[in-house]
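> Here is what each chain is made of, one letter per residue.
2 protein chains.
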Amino acid sequence: MPNNLPNDFISNLEQIVTDKGLIVEKNEIRPYITERRGRFVGETLCVVKPATTKEVSAVVKLCSDNKVAIVPQGGNTGLVSGGIPFAEDRAIILNLSRMNTIRDLDPINNTMTVEAGCILQTIQDHASKNDRLFPLSLGAEGTCEIGGNIATNAGGINVIRYGNTRALILGLEVVTPTGEIWDGLRSLRKDNTGYDLKQLFIGSEGTLGVITAAVLKLFPSPKEQQTAFLALNSLEDALPLLNMAQSMIGDALTSFELIPRIGIEFSQKHGHRVIDPIEAKHDWYILMEASAGTANSFLPDLFTKYMEKAFEEQWVLDGVLAQNKAQSDSFWLIRENVTLCQKPEGGSIKHDIAVPVSSIPTFIRKANAAVKKLIPGIRPYPFGHVGDGNIHYNLSQPVGMDKQAYLNRWEEVNRVVHDIVIDLNGSISAEHGIGRVKVKENAHYKSSIEIKLMQQVKHSFDPLNIMNPGKLIPSIQPKK
Amino acid sequence: MPNNLPNDFISNLEQIVTDKGLIVEKNEIRPYITERRGRFVGETLCVVKPATTKEVSAVVKLCSDNKVAIVPQGGNTGLVSGGIPFAEDRAIILNLSRMNTIRDLDPINNTMTVEAGCILQTIQDHASKNDRLFPLSLGAEGTCEIGGNIATNAGGINVIRYGNTRALILGLEVVTPTGEIWDGLRSLRKDNTGYDLKQLFIGSEGTLGVITAAVLKLFPSPKEQQTAFLALNSLEDALPLLNMAQSMIGDALTSFELIPRIGIEFSQKHGHRVIDPIEAKHDWYILMEASAGTANSFLPDLFTKYMEKAFEEQWVLDGVLAQNKAQSDSFWLIRENVTLCQKPEGGSIKHDIAVPVSSIPTFIRKANAAVKKLIPGIRPYPFGHVGDGNIHYNLSQPVGMDKQAYLNRWEEVNRVVHDIVIDLNGSISAEHGIGRVKVKENAHYKSSIEIKLMQQVKHSFDPLNIMNPGKLIPSIQPKK
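Chains as they are written, first to last, in the working numbering: chain V, 88 to 567; chain S, 88 to 567.
With the rest of the complex left out, here is chain V (with noise of 0.2 Å):
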């Protein structure tokens, strides 16, 4: 408890939530700071959990008025702890989940109206049931919540085809590091009246203010769907496969992935139900999936078209059209386990890394050869989402060295690895964010006139630094 709060903060936080949502005790407090892989435990003052946008006003003005940090928390699934408090943040926990109210769906508009807490799935699952999309679409989607994936613009395997969180956002509601209220729920498509506000919440991992809730952009629902299981003759070989997919099948293209030999060997042996779809051994895959939002759209014989033109160019060896649900539910699972299965292969130092599209292989050659040279017998294991240029860059340990051995290097190859990507004029964290893991390294590469102005904006907007201090960028001094 920071030494210079009043005695009656928690009573009078009591007051504004009431029981119901306040969290003192340890153990209960416990989950909500620590990391979901169980890497770091942080430390909180308590936990607030609102259940209107007034209390989070309430609660803001409170610690603002005690100069009291506060950490906004949707699921707690974030990978680079932007959500937990430490120690020396002196900070309370605001979870949002109680804010779990989908406010409204228009059809026609194709909007849909949710506060911050709504776990990612409950929307989707939402719109589905209005014969809508919401596309966005990642791992934690059944824990993760709204607001998080806002204020990180989460990516996912759609973004190729709907674009990052950013994208899907048309309005939001904020309260802002002094407690005020921003009413910015616009389900406009078109809106030059000033400042994009919003774009400036997106993603700024809490630390400009508390989103309350959201316009989301929704979409047609897919009524047909192609999904195939290609083998690459060469990794060189996706970037004329994938603009060929952009020419012919369009934006009804909406995955495109990469798929390592060593990303099939991993789950075929840790997994659970995977199976190889391609008889013959090859170095590279791509999953790609299309959509189209009708039946009877063509799409088939546009896919088949593609595929065979594909064949003819030699760009792909081998490959399987999944023939049904099934069989494309099989082709998905690979790529699950190709995210899960790398933990029992003991330690593996990741990257989220973007780079030019036309830049992939050139990225992925050097960087394999840079790290190989580093460490002897590593193993690179590159995945994911290379229609958007975005490569979960992740190096498993060489088989026998002792794993923390392996750990206690990860910030040597990081510089290496990142060193390449910012040659490229690529990006450090794609998809993941900065949140405090990585904030040393993000500043290490940014421009100082890039820093300077990041600050500038965190400080015209939160003068006090008590929104999510030590995330994101690095502190300035607050004002006196």
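These are computed hints drawn from the structure, not numbers from a lab.
Since the list gives no way to pick out one identical chain from another, each pair is judged satisfied if it fits inside one copy or across any two copies.
Once the Cα atoms are required to be at most 30 Å apart in a straight line, the calculated DSS-like pairs of lysine-lysine come out as: (1) K453 to K368; (2) K430 to K527; (3) K310 to K392; (4) K216 to K396; (5) K539 to K141; (6) K533 to K148; (7) K392 to K412; (8) K539 to K154; (9) K392 to K216; (10) K148 to K539.
Note that this is a predicted model, so its numbers are computed, not measured.
Starting from the structure of chain V, add chain S where the hints point.
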């Protein structure tokens, strides 16, 4: 000339940009301070035309040191006087037209890097030569410059498929109000490494800095197109017709434009070579277009099925599908003339509004009733981008009324129309921006918290208030 200007200010400017980049003669200045439709003539100290980003930086630094205001300008085609200084601004014009180099085109990454002064049509043509599409398209495309398009977040006729300018920008290079150069020229689809600063500059109408270059998103070139001119059964039927297009045709749908009967009549009366493709007269028409990035795309089959269904549902009473490029051009000629042929009918009071797509019929009916009550005989002329919820709600004067007497009621009519827009959670400037013309009207409708947040952002970037003062948001006092 501001009385506190040092004598050598102009000669210092000339040192930076040489005599090729400096205009001080009144006659030569005149086109730069004249609104394109001749509505206003502004006033400026001089016109500076730098040739490089470094020159822009040096000019801005000199102005900042001397507290001289700067109005950034592109092709000077804006409709709200955002690019013209006025006497009280004591400002120079910083015209970007000489910075017109296309720096790069990457066909695999589908990106193009251009300087701010490139004319939109030049960019479209260069993309096209490389078998790619840059989809931003609007009336002024032969004259307007991309820097201005970005600074105003321009819309146009392809927004339903490709989004506003904001959605087409991956990176920016900006000179800040202190003359520093921010190199944010990334060409990434994903980048979560901090606040997305470019979003602030996009649509900020030159009030936060000078955009000097940008990375644009490209798309596959259209290889097949379908263009249809359809007569609606009723205005309300536009909505299910649009929704069905989005499901059946998906993102192949690139335009969905509303045209009223009066638009056809004015176009036939005053336009050149305008032919009404449908024999009988109808109240409302839709001009729609769809594109595919490949030949033999099945788009014609899909489009035919769509048309059949539209007739079957009786949303469409009559319609013509263009049989060739010439016929498609003739449909678009109507659309262009709808914009142009209002002038010969006398005074026109204009609005550029957006509402949720589902509220379009309600808006038009309510606004028509309200303005007819206010000015009997007034002739509503609503047209435009109904697929984006964006209507150019123009109002031609009653036949025989004195033009000036009619135009004198501009603000009164605006207020009546905008009240209805706001009541429907709409926007009073969908794509034209705020500039100088709509500052007061916008401030009337925005919440005080939103105005305050915008002013905070403005002040943090430009504490001297030298960047395009008096535009976009109500000015605040500069720091002493």
